[in-house]
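Asks: Let's have the full structure, built from the sequences with the hints guiding it.
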Amino acid sequence: DGGITQSPKYLFRKEGQNVTLSCEQNLNHDAMYWYRQDPGQGLRLIYYSQIVNDFQKGDIAEGYSVSREKKESFPLTVTSAQKNPTAFYLCASSIDLAGFNEKLFFGSGTQLSVL
Amino acid sequence: AQSVTQLGSHVSVSEGALVLLRCNYSSSVPPYLFWYVQYPNQGLQLLLKYTSAATLVKGINGFEAEFKKSETSFHLTKPSAHMSDAAEYFCAVSDGQAAGNKLTFGGGTRVLVKP
Numbered sequence: 015d016g017g018i019t020q021s022p023k024y025l026f027r028k029e030g031q032n033v034t035l036s037c038e039q040n041l042n043h044d045a046m047y048w049y050r051q052d053p054g055q056g057l058r059l060i061y062y063s064q065i066v067n068d069f070q071k072g073d074i075a076e077g078y079s080v081s082r083e084k085k086e087s088f089p090l091t092v093t094s095a096q097k098n099p100t101a102f103y104l105c106a107s108s109i110d111l112a113g114f115n116e117k118l119f120f121g122s123g124t125q126l127s128v129l
Numbered sequence: 002a003q004s005v006t007q008l009g010s011h012v013s014v015s016e017g018a019l020v021l022l023r024c025n026y027s028s029s030v031p032p033y034l035f036w037y038v039q040y041p042n043q044g045l046q047l048l049l050k051y052t053s054a055a056t057l058v059k060g061i062n063g064f065e066a067e068f069k070k071s072e073t074s075f076h077l078t079k080p081s082a083h084m085s086d087a088a089e090y091f092c093a094v095s096d097g098q099a100a101g102n103k104l105t106f107g108g109g110t111r112v113l114v115k116p
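Line order of the protein sequences matches chains A and B.
Quick note, the first sequence lines up with residues 15 to 129 if you use our numbering.
Quick note, the second sequence lines up with residues 2 to 116 if you use our numbering.
Just so you know, these hints were derived from the structure itself, not from any lab.
Among the hints, a few may not be true.
As a list, the in silico PhoX-like pairs of lysine-lysine whose alpha-carbon atoms are at most 25 Å apart [claimed, not checked]:
no., chain 1, residue 1, chain 2, residue 2
1, B, Lys103, A, Lys84
2, B, Lys59, B, Lys103
3, A, Lys97, A, Lys28
4, A, Lys23, A, Lys117
5, A, Lys117, B, Lys103
6, A, Lys28, A, Lys84
7, A, Lys117, A, Lys84
8, B, Lys59, A, Lys84
9, A, Lys85, A, Lys71
10, A, Lys97, A, Lys71
11, B, Lys103, A, Lys85
12, A, Lys85, A, Lys28
13, B, Lys69, B, Lys50
14, A, Lys97, A, Lys117
15, B, Lys70, B, Lys59
16, A, Lys117, B, Lys115
17, A, Lys85, A, Lys117
18, B, Lys59, B, Lys69
19, A, Lys117, B, Lys59
20, A, Lys71, B, Lys103
21, A, Lys97, A, Lys23
22, A, Lys23, A, Lys85
23, B, Lys50, B, Lys70
24, B, Lys50, A, Lys117
Replies: Here is the structure:
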C-alpha cells in the first residue's frame, strides 16, 4: 500500500537535546511538508520541499531544520533552540509543484513531548 | 494575506441530526478551499475541495460544502450525522497561483456525536 510513514509515534526530548522525526513516502510525490499541530490552533507550516535538495521555510521555521536528500524522505530535526517543542507533528506530501492547490496526503503523526 | 476562521471549536450533534460546520475565509484572490477530517491520533484526510468550478462541492462520507463568495464562506454540512463522524474538522484556504502561495488552516472544530 502506498502512503506516508512517520516514526516514531511518540518521542520524548530532554532539555538541550536535538531530536529527529522521520517521514518516508512511497507515493512518488515531489512535494513534502511538515506541520505542527497545537490544540485549538490548527496546523502551522514549519518547512516544505517541492523538489529534492531544495526546501523553504514555512511560517514557524525557527528552531527546526530539514533535509531532502532523497525524494522519499523528509526528516525534521527539532533543535535545542526550539523552546516549546511539545506538539503533534504531521508530515504530508502532494503530487507535484502545484503544492498547496493539490490534495495533501498526511502521515499519522508524531507526538513530541519534553521530559 | 489569507486567513480562515472556524466558528465554534466544539460542536455536539445527535445521531441522525444535521451537521453544520462554519468556515469563513479571507483571500485577496479567488481561493482554493478545502475541508479535511482528522480522526484521533491520525493524520488528516481530504473531505472535499473547491477550485472555482461548481459552488456546491460534494465530498466523501456524505459531506458537502457550498462556496458563497458574497459571504466569504465555505460551510460544511451533512444531512444526517453518524457516530463515525466524530472527529476534528479543518477548513483550509490557498491563494492558488499567487506569489508565496501557501495553505492556511483554521483552528479546527471538534464534532461530538451523541447517540
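Asks: Can you list which hints this structure breaks, lowest number first?
Replies: 6, 8, 12, 14, 16
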